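J.: Given next are the chains, with one letter for each unit.
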Amino acid sequence: MIRFRVRFDKHGKIRFTSHRDMARIWERAIRKVGLPVAYTEGFTPRPRISFGLALPTGYASDGEYLDIAMDESVVGADGAVSGTGVASETSIDLIQMREQLSRALPVGMNVQAIEMIEGRPGSLQEEVVICTWRFEIRELGDIEARGAVADVLAADRLMVTRQRKGRETTEDIRPAVLSLAVKGEGETGVELEADLAAKPRLVRPSELMAYLAPDHELGPVTRTHQWIEQDGAPREPIPGPATPAPRAQRRAS
Amino acid sequence: MNSLWSRLEPLLPRVQKPARYIGCEDGAQQPVHAPDKVAWLLAYPDTYEVGLPNQGLQILYEILNERDDALAERTYLPWTDLIAEMRRVGLPLFSVDNHLPASAFDIVAFNLSSELVYTNVLECLDLAGVPLRGRDRDERHPVVGAGGHAVFNPEPMADFIDFFVIGDGEEVVAEITEVVGEWLRVGRPAGSRREMLRQLAVVPGVYVPAMYEVEYDGPDLVGVHPRHSEIPEVVEKRTVADLADWPYPRNQLVPMTEVVHDRLNVEVFRGCTRGCRFCQAGMITRPVRERPLEQVRTMVGEGLARTGYDEVALTSLSTADFSGIEDVVSGTIDDPLNCGRVTISLPSLRVDAFTVGLAAKIGSARRTGLTFAPEAGTWRMRQIINKMITEEDLLATVESAYASGWSRMKLYFLTGLPSEMDDDTEGIAELARRVVEIGLEHTRKASVTVSLGGFVPKAHTPFQWFGQNGPEELQRKINLVRNVVRGEKRVKVKWHDPHASLAEGITSRGDRRLGRVIERVWRAGGVFQEWSEHFDIRLWRDAMEAEGLSIDWYVTRHREETEVLPWDHIGAGLHRDFLWQDWTDALAGFGVPDCRWTPCYDCGACTEFGIEHIVASPVPPAGGSQGTGQGIPGVGAVPVSIGRPEGGFR
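Protein chains in written order, with my numbering: chain A, 1 to 253; chain B, 1 to 650.
Worth flagging that the hints you see were computed from the coordinates, not collected in a lab. Some clues are possibly wrong.
Which stretches of chain B does chain A cover? Using the computed rule of at least three CB atoms under 8 Å from a CB of chain A, they are [as the list claims (entries may be wrong)]:
#1 17 to 27
#2 308 to 317
Quick list of simulated restraints, FRET-style, between CB atoms [what the hints assert, rightly or not]:
#3 B:ILE333 x A:ILE238: 18 to 28 Å
#4 A:GLN96 x B:ALA305: 11 to 21 Å
#5 A:ASN110 x B:GLU66: 26 to 36 Å
#6 A:PRO56 x B:GLY610: 27 to 37 Å
#7 B:GLU139 x A:ILE238: 17 to 27 Å
From chain A, some residues computed to sit far from chain B (all C-beta separations above 12 Å) [what the hints assert, rightly or not]:
#8 GLY12
#9 ILE30
#10 PHE51
#11 GLY108
#12 VAL129
#13 GLY147
#14 ALA154
#15 ARG157
#16 LEU180
#17 LYS183
#18 GLU217
#19 GLY219
#20 ILE238
Predicted model, so just to flag it, every value in this text is computed and none were measured. C-beta: ideal position from N, C-alpha, C; glycine also.
Chain B extracted, bound-state conformation (with noise of 0.2 Å):
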């Protein structure tokens, strides 16, 4: 196998940032291919700064390479300068370890993080020269693999990924080495492809659609079957017990050029029970399994030595919520060391008094911006998605951020949440009012920025029957917002794209149909749709018109208790029971407490896979205020009716 470098290096000059597909990183590796190893190619279908540090996409690398019948190799999609040349001059797409062509690997696997880079899968695998369908390719096409979040619906994606890893990969990736490095040994006879992913189809946590037979009922989805008696007809997603065994990064990449995240990231915690209906990732990776606080001091330490960072972010969904994170602050903040240049970012923090305390520990002198996700304007609409902060802790919080030297705060909000009203909207502005007049108390330069995201309902989460609000109802919302703002200097209100948020809500539902869909985007040139300059809702809404689909069916239709879902036969562990019954509680307006700390209401996570949350501290962190709003009784009926399409969910 030939390196394609000494052709791609002349188009390079004419490329912007050409430093993206060199490699080169700290930490890169460079396998040597022999017959008797399975070639990974790990594909982040976004750029390299948005696809880099991808930790699930490192921690394969490492844990494929280290492997002695596997080899891994990364590539991302080149950015549209370059893959016009490639197109020009016919480069395929490339590795960017060994610089080798995709289509020399045995198995090809995206990392399938959002919707909106569905599109940009095809782009792949057209520039592989890889057919996009998988009924198309034979034994002498890559076996081509999707994991993360977003295949917990996996149908939009069936026709072209050949098998769907649900959950974690630590462990599965071995199993699927198996099976294809025992296909690559007896030597890839004509006709056995088939058979191949019919044996991948029985490893735990593997998903492959070409198994099963999908059958409607007009417009009605009535099931998706296995097409063999072994094949399971739900496929549970894979879970790793414990973090300890699987201390990776071990050796995080360090780009040479610029990428998002440009830092070293230690994962403290996966999973998360906090319970915010919206939130896909909490739903999906539970129980919570926490990193043992020795083991974090040691990555943190030695990967700060190793890459000569001067910053480590602690990642998980809920940071402050660590055991350890106290520890683990002040013993990197105190090492000598790090001479004190270190800093720590804390993404994902709750909004309370023990956050405030722990940005002000590690917050350099400089104090500008604090970023909170209230997610909803008023408490009543906090208690419908179970974001259990009330007013008092959220307007505490704040002046205690303000009276600490902070001057700018971030808020993010989500709007057309379930029976969401104007006075909610409305008040997302008002809070944000507020959090400037405490301010103003503090300092003269007090600024609140608000940022608007329209809510898009995901699989495996309580909200996955509500009809999303449609683009012009969203725009109608964040005006809202606007207006009671407007005029006021020290407010500023950003939004996110309604119509983006409308191709998002296409297929993050969507069922197998979607799959000419995304092919016609993309065949009418729509890549790169998560990014707005490139972003096209013309695109889907011909491409839906086209497959004489609804949109309105898909999005905004309110699903019914009775309804079969695209994703029934995928498990995430979630009791169907329990996400109905958490709606419905929603509706009603009561939360759930946060079950790391009070008695399980057996959601299933742990149960289904008979393991459980492991946390260092048997309290909740000090001063966590979710959970304390639970004597707070219910706000009563909302103005909603359930699985009624025509209901005033609006």
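The following block holds chain A by itself, in its conformation from the complex (with noise of 0.2 Å):
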């Protein structure tokens, strides 16, 4: 079994389909491109592809992952990928296999890069550690977003409430909060940027609405970046385009 890691993007009206969603539009691309795409076992196979952090519905993102395992016996000495399917017996590189995908998926997701990976990576659920966000609200000024900044910056607790299997539990998710800033005017009202902890869960910048604007509503939110720990340094899964990484996992101040 050689497995691939694939970054893409979600951005526009297609961001309005759940994590359920996303499974069977890649199953399907999957299918319409012909990959070689190892099954699983038992009475209904399905493609062995195992997704990243789910994204909540309507949140767009420059930085989703998935890894796709195929069987090694259609992979050859270069790395080069040979398909059995709709684009049968010719052999494709990842870029080309790259440029099938985006066309095959839905517009708005493109594929943006494909690695190899060595050996048997952790599930990319189990190895994010902090998504960096990007996100708006809507009809609020620069002036008082710094001053919402600074106070939750600021606070000890930041507690909220959530159901959760029907119970209601409430939880401090202040050690969650990493960095946040005000980036500057976005196309709603004011645009922030923060590093969230994606462990033990995954913080949603929804949940900081009721410290920083209570009486506003959220606008789009983008989720740029993820990052799992390499050697004790936060990386991306494949690493992209030169971003500076979150300092530290420790909270900011």
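Combine the two chains into a complex, taking the hints into account.
T.: Right, here's the structure in full:
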């Protein structure tokens, strides 16, 4: 079994599809391209693809990830993959695969990079520890936003209550706020950027709203980066264009 | 015309499953609007999940968008949470393709596949800002049309719909486009709407209710008469002679979010002559027109490659009857391109050994559930409804299914059928019990789910004269079935809400007076009546009472042979004499054979339209059991009187 890690983005109308929808969209795209993906055993074999942390429905992303497993027999020594499906009898390299998948995906989704992964990597869901978000707060001014950000960063606790398995639980998400800053003017209001911990659970920008601007609505949200930890330092699951990594996993202050 | 997307977008984070409103399907089009193009908005008055897979709508979407003088977009009724948001901010009903307001289209055409969605049509029109009633619309408003099986009795919706298309829509949409296009070209002068409708009314297959006057004598309908000499007295349905000319949809829409029937669908034939007397679809879609085998193969192969689906359904009213069924099934299963990972689903299967063989061929290793529709629990009852499966054939079929590895059977039945006696109703449970007994000889996991639907008589069927069972009677019968198998873990009984059958019955054979009832139900908040969580029988009872209309008169009363029926001016090709004869045959317990392979009994469907069945095979499909019971004499007298309200029908 050989694994490939794929980074793709999700923008525009398609961002209103759910995590479940994404799985189906990808399965169809893979079949359309005819990728020789490995299948699970059992009565209803499914393609062996595994997704990263779910992106909340309605949020856009510059960097989503999934891992695709293929049978070793179809991968040549040079790393070229021979297709057996629609694009049969040809040998496709990773650039070609990227282009084919992008074409097979709906408008608003593009494959940015594909990388073969060595050995047995951990699952994306377990390994991603931080996500970087850009989000807007509708009709909020820059000055108020800076004040609210300072208050949030100065707070000892940020208690949020949420429904979990039918029960209300209250927890402090202050430790998950690793950085938070005003970036400037967005399309619908002020734009902010935050590094939020994804462990022990994914904290979303919407959860900060009660503290940042309780009387305002959250505008467009984009997950710009996801970070895994390697040798104590954060890096992207596929290194992208140079981006400064979150300085540390310690909480920002 | 400006897209409403920027106004819709901020509402979407507030609602469930927002992907229903984005469009973006694989195969979706963003047609460019222009003054010389008639803009159709094809509307399905139910949720996106239910409406998107509708093949009729998708076929017309492609045909219209291929034309130079037309374009088509789609809309579905948003769920209640988005409706509330839209009303709050004043956002009108929108198309999902270009997100344009519904009122900006020239024609808004609804697909009416069942009666309980009628109030949803009013919700759509209201959300669109279009006057509900045809008579209140003028040159500024879209022309409102409707098609689909339910419009074979158009009268309950006649107040709200400007034109109905009776029968197949593939050809007639062109003629409608030309009439409306001419009206647009002359600039829709004031007062010209009526003249345009009058021209539509002479297009074959198009029924314009405003061009007909309804005459009553007290509660009784005397007739529905054309107001002008050129308007036809009877609007005969349109029938596409050869499906081979219409290989649609070519680009089936692939939704980005989960919908019902989320798979490739290929229609293998239209029409059915099995002659099940309760089945409106089988009666109104005759004659049988098969798609050529080669075309089916192409549509399956290209469709799977284009869509990326791993499942294809071969659709029709009885797919095992398709002459090329074995070829298509083995061809698809064995196609190396599909790597053995494509599953085939065959909806609407006969109950016989051939079917089990087919199912065994297509089924993956997992053989859990298999669904059959014997429809009635006793052979006597099955003769009456002309579902000619003997007990032996039925049990043999079940036996072979269990022997082939299936463990769960799902059996569909109707209750409240004409002349049904308690023995027949209990026969459903007895049959289920026998099936489990047979199953236990093969597997310890054997179980049966019985699904009970209350029978609702439909227009243009032999049972159109029958007085429907009321909800109390239906519930009593459901309880009879439940009592027989009470405490048996292996038999599970599910049933359809008898009150929903009542509401369906009010509208299915109603006349034009029902329009006010439908409007009252809608005004009282009755949308999504086909969804059990929103259905409310009190709204229907209150509305009938407020309008001074009797539910018994519309629903549970038996009709007489001479009675004028509200759909007598709509022609489904079936001779009224034939239907009445079939009704009396039913009550006498006589079945009629499938006319594809036996002499014609002149129902009218072929002769009326000068077309014939198109069937590739001159012999019945292997193992087809229906029709083999013909040697069995009728069961003799049944405790029924025809056309008398106080009969022993129950």
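J.: Please go over all the hints and tell whether each is borne out by the structure.
T.: Comparing the hints with the structure gives:
no., hint, result
1, 17 to 27, "holds (count 8)"
2, 308 to 317, "holds (count 3)"
3, B:ILE333 x A:ILE238: 18 to 28 Å, "violated (39 Å)"
4, A:GLN96 x B:ALA305: 11 to 21 Å, "holds (18 Å)"
5, A:ASN110 x B:GLU66: 26 to 36 Å, "holds (30 Å)"
6, A:PRO56 x B:GLY610: 27 to 37 Å, "violated (60 Å)"
7, B:GLU139 x A:ILE238: 17 to 27 Å, "violated (59 Å)"
8, GLY12, "violated (8 Å)"
9, ILE30, "violated (8 Å)"
10, PHE51, "holds (16 Å)"
11, GLY108, "violated (7 Å)"
12, VAL129, "holds (26 Å)"
13, GLY147, "holds (25 Å)"
14, ALA154, "holds (29 Å)"
15, ARG157, "holds (27 Å)"
16, LEU180, "holds (21 Å)"
17, LYS183, "holds (21 Å)"
18, GLU217, "violated (7 Å)"
19, GLY219, "violated (8 Å)"
20, ILE238, "holds (24 Å)"
Of the numbered hints stated above, those contradicted by the structure are hints 3, 6, 7, 8, 9, 11, 18, 19, listed in ascending order.
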